[in-house]
Each structure stands twice: as structure tokens, then as C-alpha cells.
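Enquirer: If you want the building blocks of each chain, they are given just below.
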Amino acid sequence: MSRLAVRLSVTAQSYGLEHVAETKGPYIFVSNHPSELDEALVRDALRHLSPRLVTVAVEPRRGIRGLVDQALSLRSASRLAVLLASGTSVLLFAEKTRTDDGSLAQLDLGAALLGIRTGAPLVPVSIVGSYRALPPWRTTVEPGRPRVQVLFGRPIRAGVGDEPSAVTDELAAAISTGLAEESRGWYGARRSQADGAHAPETAAGGEAGWRKIWKATATPTSPSRRRVWQ
Amino acid sequence: MSRPGFVLSVDAQTPPLVVFQGEKVLLERLPIDASVLYPPEALPGIHSLDAAIDDALDTPVDSDPLSALLKRGSRVTIVFEDLTQPVTSRTAPDVRQRVIEHVLERAAAAGVDDVELIAATGLRRRLTAQDLQRVLGERIYASFGPDHVRSHDAESDSLVTVGELPDTTPIEVNGRVASSDLVISVRLATAVGNEGAAAVATKLIGAKTARARGAFANRGAGAAADTNGADAFDGLVDTIGDKAQVFTIDVTLTPEPTGPASAFLSKREREWSLTDRALSAGLQAATRILPSRARVGLAQVSGVGYGVTSVVAGKPSSVHPLTESFLTQQQVGQFDSPADVALFGIPNPGSIGSSLNPVTAAALGLGQIFNGSTAEPVVRAGGTAIFYHPLTPWFHPLHDPAYIDFFAEVLTKTTDPAVISAEYEEKFAADPWYRHVYQTSFANHALHPFHAWYSAAPAIDHLGEVIFVGGDHEATRRLGFKSATTLADALEMASDSVGLTPSITYVHGAPVSVPEVS
Numbered sequence: 001m002s003r004l005a006v007r008l009s010v011t012a013q014s015y016g017l018e019h020v021a022e023t024k025g026p027y028i029f030v031s032n033h034p035s036e037l038d039e040a041l042v043r044d045a046l047r048h049l050s051p052r053l054v055t056v057a058v059e060p061r062r063g064i065r066g067l068v069d070q071a072l073s074l075r076s077a078s079r080l081a082v083l084l085a086s087g088t089s090v091l092l093f094a095e096k097t098r099t100d101d102g103s104l105a106q107l108d109l110g111a112a113l114l115g116i117r118t119g120a121p122l123v124p125v126s127i128v129g130s131y132r133a134l135p136p137w138r139t140t141v142e143p144g145r146p147r148v149q150v151l152f153g154r155p156i157r158a159g160v161g162d163e164p165s166a167v168t169d170e171l172a173a174a175i176s177t178g179l180a181e182e183s184r185g186w187y188g189a190r191r192s193q194a195d196g197a198h199a200p201e202t203a204a205g206g207e208a209g210w211r212k213i214w215k216a217t218a219t220p221t222s223p224s225r226r227r228v229w230q
Numbered sequence: 231m232s233r234p235g236f237v238l239s240v241d242a243q244t245p246p247l248v249v250f251q252g253e254k255v256l257l258e259r260l261p262i263d264a265s266v267l268y269p270p271e272a273l274p275g276i277h278s279l280d281a282a283i284d285d286a287l288d289t290p291v292d293s294d295p296l297s298a299l300l301k302r303g304s305r306v307t308i309v310f311e312d313l314t315q316p317v318t319s320r321t322a323p324d325v326r327q328r329v330i331e332h333v334l335e336r337a338a339a340a341g342v343d344d345v346e347l348i349a350a351t352g353l354r355r356r357l358t359a360q361d362l363q364r365v366l367g368e369r370i371y372a373s374f375g376p377d378h379v380r381s382h383d384a385e386s387d388s389l390v391t392v393g394e395l396p397d398t399t400p401i402e403v404n405g406r407v408a409s410s411d412l413v414i415s416v417r418l419a420t421a422v423g424n425e426g427a428a429a430v431a432t433k434l435i436g437a438k439t440a441r442a443r444g445a446f447a448n449r450g451a452g453a454a455a456d457t458n459g460a461d462a463f464d465g466l467v468d469t470i471g472d473k474a475q476v477f478t479i480d481v482t483l484t485p486e487p488t489g490p491a492s493a494f495l496s497k498r499e500r501e502w503s504l505t506d507r508a509l510s511a512g513l514q515a516a517t518r519i520l521p522s523r524a525r526v527g528l529a530q531v532s533g534v535g536y537g538v539t540s541v542v543a544g545k546p547s548s549v550h551p552l553t554e555s556f557l558t559q560q561q562v563g564q565f566d567s568p569a570d571v572a573l574f575g576i577p578n579p580g581s582i583g584s585s586l587n588p589v590t591a592a593a594l595g596l597g598q599i600f601n602g603s604t605a606e607p608v609v610r611a612g613g614t615a616i617f618y619h620p621l622t623p624w625f626h627p628l629h630d631p632a633y634i635d636f637f638a639e640v641l642t643k644t645t646d647p648a649v650i651s652a653e654y655e656e657k658f659a660a661d662p663w664y665r666h667v668y669q670t671s672f673a674n675h676a677l678h679p680f681h682a683w684y685s686a687a688p689a690i691d692h693l694g695e696v697i698f699v700g701g702d703h704e705a706t707r708r709l710g711f712k713s714a715t716t717l718a719d720a721l722e723m724a725s726d727s728v729g730l731t732p733s734i735t736y737v738h739g740a741p742v743s744v745p746e747v748s
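Line by line, the protein sequences are chains A and B. Per the working numbering, the very first residue in the first sequence carries number 1; after that it's consecutive. Per the working numbering, the very first residue in the second sequence carries number 231; after that it's consecutive.
Hints are computed from structural coordinates only; laboratory data are not their basis. No experiment lies behind these values; they were computed from the predicted model shown. Even glycine gets a Cβ: it sits at the ideal position worked out from N, Cα and C. Just to be clear, a hint being listed does not mean it is correct.
A short list of chain B residues far from chain A (calculated; beta carbon distances all over 10 Å) [what the hints assert, rightly or not]:
| # | residue |
| --- | --- |
| 1 | Ala281 |
| 2 | Ser373 |
| 3 | Ser388 |
| 4 | Val649 |
These stretches of chain A come out as covered by chain B in the derived footprint (C-beta under 8 Å, 3 or more residues) [unchecked claim]:
| # | segment |
| --- | --- |
| 5 | 6 to 19 |
| 6 | 44 to 52 |
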């Protein structure tokens, strides 16, 4: 989906770009991938900060885009390292598989390995609300310009000697905290992370699939309309 | 080290100089031999603010790291500056938000649940929900608002007594702050003295305490700070009450907003490039064409944001002197001897977003005499101060109800602060309507115009004449000053007291200090 189409169809808000702007690029953005809007959303948020950006998903893309990825060898770590060295940032949808309920699946170690190999800062990105806006069974975006948030976390520096699994855990924790913000608020998400409570949005097992889908597509209850009298 | 300030002697080659006049920017040609006092150039802002804040919080001055002070189950209050300090950027998050996010992340990691955020408003108006979102960001506001983010209420019933002023008036402070285990104070300063007294409690006191502390009788002639009050608050710098320990985070900002469109205003005119000249011509044309309301908007968009020059955290009694000395080194200009005539431009602060009312503008201008960019007054006793401000008699209907009555009822009778203090202060302080609009709407407290006027009194005593160039005739006369149309007229009017060839000093740039009006 093009950036213009996304801008017209959803109300996108991005937070945390100031953390990215203070770190020298190029960057490796590591994001969850709940819907087909995600790439355009992140590209739109980064249009000033990092206009040169290539996107790679762990699960190969289908159709013509998959062929283009193949032709450009975008799925090879060496090729991505060369791109990073030339100043191009990389957006990685690093989940091992795409879930059909909007929750976060286990992350692949590839993002951490790339960060360790190149020294580029790893930026966790949480996309919230895009599953509700465009669930897999819809071909067009939900009407009414639903609200979608792109939350950028503080960049994580990984270097030689760092354990890829530890870096991946740190990335997953940062993305989960971002996802938990929708239900628990900014402070609540960080507070529950400190208690070691898993955010329900990220729990791999436990809840039945239909309950996750039900939750992920529920209309947000917080008042979004501005009140005249306050 | 920034480029130091210097004194320029005006000669025939000197180009017209930038002078602020409310929302306008003028280019004025000064008389030959006048001195122009340029402040030192601002330091460049810190590039990586996140790293600077982390560093300050992890290695504080004379204190344990913040993470060690935050404990599970403790009661924590974060006190932050209200809109007396500018909103630091139109597009990026405010510096207060950046600092408070770091603090809250540590609080969350420590397992703190009882957190409240309080704007240190003193006697100033409450912050609206929109103001709070601009200062704290949507995410913090959504997490804590509306119940756990609020402004200090000087008329609240829950104030707690923590000491006594020399005249035996009890020192009442915000109840939540006094009952906290840890008070984290986030302070911003753009200029020397701009962050206020060392004790954050001075911005969290009750109206009765503020009235006794700011009473005209307590203010020494020639000194803006009331020494009696400062002594009484010395014991409240590091702890407030029995248990509330204070941890301060002081952030210093560049004195003026920096952005590509307005950077030329803080440059020295001789060094203007062609682009700067073109921008200046554009700004002149825009101020001529646009109506005054649009000019207010123009002033707001011309600056992109304030840079951060330092972040220091720790024990307040140790951090405050460090911040002051850093700002002194950065900002105080040097000059040889006080002049007969001093010129000042007064811009409208961009963060207020509306014109300054005449009482505030006069207090801001006259505050420059003693609390300005230099340690000593730039004008001799009995000299003349010439200010550039329109003094339009316009008051914000929501924020300034007490100012409207002060201007209409009090200043028409007398401008003598001693008489005003004796005859009118009690009436205003006891009026239930002002208290109602202060507590439930967004009005400044009834004592606010009085304290503003008292803060200008030492300067009025020091000066022989005060002239406002471009000032509204009636409003200027009501304040007890004179108005002139041009600088030449103003100098002609001043010649009665300072002679025909007075020494003139122009203090270049925006005022660096808003007088501390509780």
C-alpha cells in the first residue's frame, strides 16, 4: 500500500522519533507485522529521518515483490550489511511467522546478528492498531480513518561479543512494552514489564485464538473526541 | 566556551540594529557614540539529550543515583515548571517531557505505583489539559491524567505547614508534596536567576504564605529577592517537611529559540549574510502588512526550538549553585560604567501565545534593570530607561481578570506600591470571585498583579524617567511612565534630566529574565 493511500485511510501517529534522531544512522528498525499497512506506516513516519530504507520480512513475500526481493538479494545478510554500510537503513519484520491474530510471534535471531555484525543501532518499533484497521480478512481499510500508532523505542547498540539471543530478548521486550501501551498506558506498560508480567498482547500461548482476535479488533474505549467543556 | 560578549561603540558605519517591540522587530539606527552591549553567544545545544539525561540521573551531584532513591511502594511526586519557561519546541517533544520520561522509566522499573505530577505554578494560573499535553506529551498525560497530573493550588484546603517566616506567618506548602517520600523537581532555566530560588517549595506555597513573602514591606530597596523569605526557605531546599527528600534535575536552555528563520536575530548585525538581510527585509515587510494578531503567530513560528546546554541532577543545595555559575559564565555581559540612558527592547514571549498585558510588560522591562543580562544596573541612579513596547491595554479575558481590575481600579488612583499594598491588596486577596476563577478556571491569582508591580518598584525608584517608545499613550500614563513615538523623541524628552549629550547603552537581544513573580 502506498504512503499516500495510508495517509488518507488511517490516522497515523508516531512517537519516540526524537530518540532515533539523536542517534547516528543508518539504523536497523525491528518491528512487529500485524497487517499489510505496516511498511507504509513506518516509511511515512521516517520520511524525513531516514528516507533511504529497504524492507525485509523474515517470511518471504509473495508475488512480484517477492521476486524483486530475490533479484536484489535482500534476504541475504551480507547484502543488507553492504546496504547499511552505504547509508541505507533497513526495516526488518523480524517475527519468525506471521500470526493471524495480531499478536507478536517469536523474533528471529537475524536482526540481532545483523546489528552485531554491522554495529548499526537496532531500533525497536511497535505498530499498534493496524490489525484493527486492516485485519487479514478485509481487502480495504476499516472506514472512519482508524487510529494507528507507530512507537519507536530507544535504539539498542549491539557489538561484537554480545549474545544474539540476549539482544533479541531485549528487542522483543521493547516491542512488547510498546504493544502493551494500548491497553495499559505508557506508564502501566513499563510498570508491568518491571513486575515481569507478560502483556496479554504478546503472550504466545494461553488464550484461545478467537479471544486474541476479538481483543485486537475491539473498538478502543478511551474517548478520542475532544470535549468542549473540561 | 561560547564567543564572549562585547561592547560596540556606534559609528557612522554601524548598520541599523535589531530592536524588539512587542510582536514587532524593528531596525533602529542609534545615535553616534552610543554603546551596544552584546551578550555572549549561546553555547551550542547538546546533541544527544537522552545520553545527557541518563548520565545526570545515574551520576548525580552529592546524591545517590535516582534509581537507588526510588523504592517499591514509595510515594513519589514529580514537580515540573509551568509555562513561565518556554515550551521548548513546536514540533519535537518538550524538554520537560524528555526528562520526566527518563524519571518515570526508572520509577516503573523500581515498582513505584504512587506517582503524581504537579506543575509548580505558584500564584500563576492552572495549566489547561492542552497545556499539560504540550509540556508532558500525550503518553504521559494519558497515563496519569486527569487525576494524577495537576497544577499546584495555592488556595487548597490540603496545604501543610512546614515552617515559619520571620514575621511568624506559617509556611504552607502543597500537601501532596509534603507527604511524599521523594520529590523530583524538574527545572528549566534560560538565564541567570530564571529558575528562581534554590528551594522548589517557593513555587508550591499557599496564598497566605506567598502574600507574606511577597509583601511590599518585605522587599528591600534595590534588591528584587526578598532576603527574609529566602532565609526562611533555606531549610526547605533539600527536604520539605519531615520526610520529603528533594532530588532536582536542572536543565539549562539556550537564551533564545534557535531556528533557521530567526537565527539572524541573535547574530551581530555587522556579520549578517545576504540571506540574513533578506530574511530581515521579509520580516520587516511581514510586520508592516500583517495585522497584530497574525504578528503574534509570526513570532511563535519564527523560532524552531530551544537547545539544551546542560543537564545536572542531584541534591538541590549542591546543584543550584552549579547551574547559576554555568549560566553566569554563559550569559552575563560586561560593561565599564553605568550610562545615563539605557535602551531595552521587550518582545512578547513566544510561549505565552498572546500579547503581554501592559502591567506584565512593564514589570518584565523594569526587571531588566536589576535582574538582566549584567550583574550591575546598566543605567546610573536617576538615569533614564527607554523601553520598546506598545503597552496595548489588552488583557487575556480568561487569565487576567485580576489584572483587568488592577489596571482599571488601582492604577487609576495611585501607582505607589506602598499605598497599593496598604489599601488594595487585602481587598483583592479576600475577594471570593478571584479565588473562584483561580481555582476552577484558568485565572492568575489575585495577588499576581500586585507582586508584578512590586517587583518593578526598585527599578522605578532607581530611575529618574521611564519612557516607552511606541507605547499606548493612555496606558503608559496610567502606569506612571511617558510614551514617545520615536527614539529621537524619547531622547529629547529625557534631555531634561540627563542633558543633551547623555551616554547611551543599548542592551542587545531579548530580555533574559522574567522577573520571579511568585
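Enquirer: None of the hints should be skipped; say for each whether it holds.
Expert: Against the structure, the hints:
no. : hint     : in the structure
1   : Ala281   : 8 Å, violated
2   : Ser373   : 4 Å, violated
3   : Ser388   : 22 Å, holds
4   : Val649   : 41 Å, holds
5   : 6 to 19  : holds (count 3)
6   : 44 to 52 : violated (count 0)
The structure fails to meet hints 1, 2, 6 from the earlier list, while all remaining hints are met.
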